[in-house]
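Place chains A and H on chain D using the hints.
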Amino acid sequence: MTLANLPSFRHLVPENILVLGILALVGLSLARRPASRRLAGAIAFLACLAALAATALTAESQPRVLFHGLLARDLFGDFFKYLGLVTTAFVILVAQRSRDAIDYRNEDREAPEFYALLLSAALAVNLMAAASDLLTAYVGLELVSVMSYILAGFTPGSRRSAEAALKYVVYGGVASGAMLYGMSLLYGLAASTDLATIGRAAATAPALPVLFAAVLCLAGFGFKIAVVPFHMWCPDVYEGAPTPVTAFLSVAPKAGGFALLLRVFGQISGHAQGLADRSPWLLVLLVVAATTMTWGNLAALGQQNLKRLLAYSSIAQAGYVLLGVAAGGVAGQEAVLFYLAVYLFISLAAFTAVAAVADSGGGESVAEYAGLGYRMPLVAFVLSVALFALTGLPPTAGFIGKYYLFAALIERGHNGGGAAFYIVAVAAVLNSVVSLYYYARVLRAMYIDSASATHQTVAVAAVHRVVLVALTVPTILLGVYWSPLRDLVHAAVGTW
Amino acid sequence: MHQLHTQTVGLPATITFAILAGLTVIGALFTITRRNPVVAVISLVGTFFALAGVYASLSAHFLAILQILVYAGAIMVLFIFVVMILNRDEITRVAARGMVRRGLGVVAAGYVVWLLASVVANSSATPLLGGPLSEPGADFGTVASVGASLFTDFMFPFEAVSLLLLVAVVGGLVVSRSEKQEDDAEETARRRAQVATEIRPESMVGGPTDATANHEAAHH
Amino acid sequence: MHMWETIKGSFEYGHPGFTGLSALIKIVYLMLAFGPGLASILTWMERRQSSLMQDRLGPNRANIGRFKAWGITHFLADALKFMVKEDFVPVKAHKFLFALAPVLALAPALIVAAIIPFGAPLCWGHLTEIVPTGTCGQAVDLQIARLDVGILFYFAISSLSVYGATLAGWSSYNKWAMMGGLRASSQMMSYEVTMGMAVLSMFLIYGTLEPGAMVAQQGYWPWQWGIWGIPTALSFFLFLTAAIAETKRTPFDIPEGEPEIIGYFVEYSGLRFGMFFLGEFIEIVFSSALMVTIFLGGWHLPFLDGLADRVPNIAFVLITHGAWIVKVFLFTGFQLLIRWSLPRFRSDQLMQLGWQRLLPVSIANVLITAGWILYSR
Chain D
42 MTLANLPSFR HLVPENILVL GILALVGLSL ARRPASRRLA GAIAFLACLA
92 ALAATALTAE SQPRVLFHGL LARDLFGDFF KYLGLVTTAF VILVAQRSRD
142 AIDYRNEDRE APEFYALLLS AALAVNLMAA ASDLLTAYVG LELVSVMSYI
192 LAGFTPGSRR SAEAALKYVV YGGVASGAML YGMSLLYGLA ASTDLATIGR
242 AAATAPALPV LFAAVLCLAG FGFKIAVVPF HMWCPDVYEG APTPVTAFLS
292 VAPKAGGFAL LLRVFGQISG HAQGLADRSP WLLVLLVVAA TTMTWGNLAA
342 LGQQNLKRLL AYSSIAQAGY VLLGVAAGGV AGQEAVLFYL AVYLFISLAA
392 FTAVAAVADS GGGESVAEYA GLGYRMPLVA FVLSVALFAL TGLPPTAGFI
442 GKYYLFAALI ERGHNGGGAA FYIVAVAAVL NSVVSLYYYA RVLRAMYIDS
492 ASATHQTVAV AAVHRVVLVA LTVPTILLGV YWSPLRDLVH AAVGTW
Chain A
491 MHQLHTQTVG LPATITFAIL AGLTVIGALF TITRRNPVVA VISLVGTFFA
541 LAGVYASLSA HFLAILQILV YAGAIMVLFI FVVMILNRDE ITRVAARGMV
591 RRGLGVVAAG YVVWLLASVV ANSSATPLLG GPLSEPGADF GTVASVGASL
641 FTDFMFPFEA VSLLLLVAVV GGLVVSRSEK QEDDAEETAR RRAQVATEIR
691 PESMVGGPTD ATANHEAAHH
Chain H
39 MHMWETIKGS FEYGHPGFTG LSALIKIVYL MLAFGPGLAS ILTWMERRQS
89 SLMQDRLGPN RANIGRFKAW GITHFLADAL KFMVKEDFVP VKAHKFLFAL
139 APVLALAPAL IVAAIIPFGA PLCWGHLTEI VPTGTCGQAV DLQIARLDVG
189 ILFYFAISSL SVYGATLAGW SSYNKWAMMG GLRASSQMMS YEVTMGMAVL
239 SMFLIYGTLE PGAMVAQQGY WPWQWGIWGI PTALSFFLFL TAAIAETKRT
289 PFDIPEGEPE IIGYFVEYSG LRFGMFFLGE FIEIVFSSAL MVTIFLGGWH
339 LPFLDGLADR VPNIAFVLIT HGAWIVKVFL FTGFQLLIRW SLPRFRSDQL
389 MQLGWQRLLP VSIANVLITA GWILYSR
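Protein chains in written order, with our numbering: chain D, 42 to 537; chain A, 491 to 710; chain H, 39 to 415.
Worth double-checking, as some hints may not be accurate.
Restraint-style ranges between C-beta atoms, simulated for each label pair [what the hints assert, rightly or not]:
no.	chain 1	residue 1	chain 2	residue 2	range
1	H	Gln176	A	Ala508	34 to 40 Å
2	A	Ala611	H	Ile401	47 to 53 Å
3	D	Gly214	H	Ile401	27 to 33 Å
4	D	Ala97	A	Leu519	52 to 58 Å
Read the hints as simulated data drawn from the structure, not as lab findings. Everything numeric in this text was worked out from a predicted model, so none of it was measured. We treat Cβ as the ideally placed atom computed from N, Cα and C, and that holds for glycine.
This is chain D alone, in the form it adopts within the complex (with noise of 0.2 Å):
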């Protein structure tokens, strides 16, 4: 059912909120200088939170179509919007004490105007998760690069993070127009850039300009999720980024960029006679998770900044959640959203604990964590318990998350897929034992090499700690009871 403009804004109501939430900070930037980082903090926190009862409250089960057909409106996109405002909500309170986003040591400078971008990154999440429309899907990605530039270069007088910035914009801008070459080829095949028609469109039009134009389009995913080849922004910007940003950009793009490839390649190769049929799509959409799985893995093993080994490391997640988009199908879809519900709560915990550790004067680099465990108790347990989930470990959400894709994959590969989706899963399997090295080295240092390291307390700052405990929690609690999670899950897939 297509909507008008007007009877389209009742749906519209987290988004709104949030565009308010925007205009209230850019309204604080002007009337208060230096203005308040809690008052601003609040602001966008209470933001927030109000769009997430919004999109819980005006949820419908009965899918629709906004804006003449730019907009959806349906649980799969709500899923993505619980994703990227709970997000965004952790990552403005690990903003508050973190001297390299707001430097509250100095009046807080610009923090208005920190949380008015993340704000609206947070928006563009939202418009990535709900697009219908190539139109809609390449504004949303934009907005949320375009944040994303402007909140990794934040750090004033920070060569790293002016560095991080200047990288992703290059990279981004070549990846965008990679992508827009592909958009344009699938007008060209469809006459209209509504998703719908282009996917019935794809069904009958031959099948190599689709599969030309679908590889550009990946490119310009890709870019936004950090997979193999498109990866090489991740490491330098995870790095100097300021670390709530890099929380931030861990998760929430990620997510956004895998609704737009569920929606998009799900149109174009989910009919039959589509793209999955006529042409060897899936197996590039293999070997391209393959080879993010790997590299991620093996380049991560050799780093020793704890911000540049979790970028690899997320590269590898990326790596394995991509596997899941190949598997396709129901089970494929569900493992995606699944795993990356539950990425979050790692991730965000992970950046956290570092955040945390850079704040009451640790470094960034696995030596400078040496007796972590001592100084930092709860800091080190939640960063421990993170590394777990990560490389997918019992009894954590994560192993429940890498079960669900190999499942997946098996499956798929029982129904006709073949025997590269075997092999891949055994690979997955192999990448996740590897990817323990490298998590270990960091649990060592933690508490095992302490010999040189004070073991006196550093106090960890209150906002931290609820966030540290806040993420902890689902992360060990949905390892053991995960159904919940599971039937939100199963509802959104089932209405897209």
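Chains A and H alone, transformed into the frame defined by chain D:
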């Protein structure tokens, strides 16, 4: 391919398109091969001009004028600004190290070009190009029709992009400020306030009306 | 033979070559004869008028034989001087861009004349008959191009003249010139924004971007002209200020303020400098023509009301064209008058005026006009 074009739209339009497309490609090639950055920017302006001509030949008048107004007239001026302020010397030749890397690059690029050519050749079987082309309506591409569709069918992306521009302006201001700039501004403001409170004009010797008195005093 | 017949046939109304031929004649007249001609006279007029205002003699010596004519022939003398001066190109200047910059300063100033209507429509084939308004079947508009995008064409082309100043400054291989070029282009870019915003409320009121349609909507009497009304008068003053800043005239002539600061054409001599000089005056002529079109009724004058029903068409067209010339001439004289009445702005005052004073006022003007139109319709 050009026979199909000539049959569909006539010879003058084909010649016009060939000239404009040629200018676009030449301008783009110059942009990436010139060593002098300012000349490269000017070549890009020429490319955009030719592209605007292509749009005009497709009856998209509003888009053609906007291309010149926004892209060639505003964005490229900012490009030139930045290039001139940075004032780098001419760029030295890019040297890809080693024959193997260069060879791989050439092979990869060649493969992409071959794929692209087969895509274009293949596309003549698609509904858009295979079917009959119709003349655009009298109000196709006019300001009124583009404006009408912009504010009805495409109102949502329009508003979303306006939000993007707002936040990008805010972000641009934030990123381009430097710590030194803000400290300098504060320092200047503090010093001005200090001067205003401590020094009064009447106590200054040798002010503008004091010249003759000073002169006489010096002579005595 | 075939060519000659095509040319002869082009003089008929329906012939495919007619539009091309008529456009060519209009281009030659307006862009090659009228524009540069009036601009050249303005170069003399500025100096003479300023001298009269400052109670001195000014240039009055140039003569052809025994005719001095108050020194009007100074513009011929100037042109001759520019042509025979040594053409000096700095050794390290970028030759191509150095040569391109004056062209980019002069050409846009001429091209914008393409959309300006300079008289009532000519009724081809019925030139010696009396043709009441609106009854002509073979109307030839006295307008080179009737574009749907209208005034946007003017903005698009005049935004290219920024390149002229910038490239002139940079390619001279002279630090003073480059700073002057950057100053000039930043000033021009800033005031382009205000120009667009200021005239936006006029677009809302007229409901069209096309200058010919704008003139047709205005009447013969001053209270039927575009300037009548408060938001429109405000729009007029904003546009006038921004256009004066755009053409880098006093009080916005910091880029070329000769005694105070070195401008971007310090390395240019001879005819190249003449091109910059002439380009500026042509900009004055055609921006005045545009303002006359939008705000002051185009070729309408009060006593012409009803004249179309009483005189032959060709006479009416010539009279309206004459009225247009008089209006443009008086308006350019007004712009020249401003030059010697106001002191020069400093760079930062100039930027502040553009961005912090004029732009918010023009945006508010657009909002007020839009609200008023919405309310009254």
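Assessment of proposed distance window 34 to 40 Å (beta carbons of Gln176/H, Ala508/A): holds (35 Å)
CB-CB spacing for Ile401/H and Gly214/D relative to the 27 to 33 Å hint: Since Gly214/D and Ile401/H have Cβ atoms about 31 Å apart, the given range 27 to 33 Å holds.
Beta-carbon spacing of Ala97/D to Leu519/A - inside the hinted bounds 52 to 58 Å or not: 54 Å Cβ-Cβ, so the 52 to 58 Å window holds.
Beta-carbon spacing of Ala611/A to Ile401/H - inside the hinted bounds 47 to 53 Å or not: holds (51 Å)
Hint violations for this structure: none, all hints satisfied.
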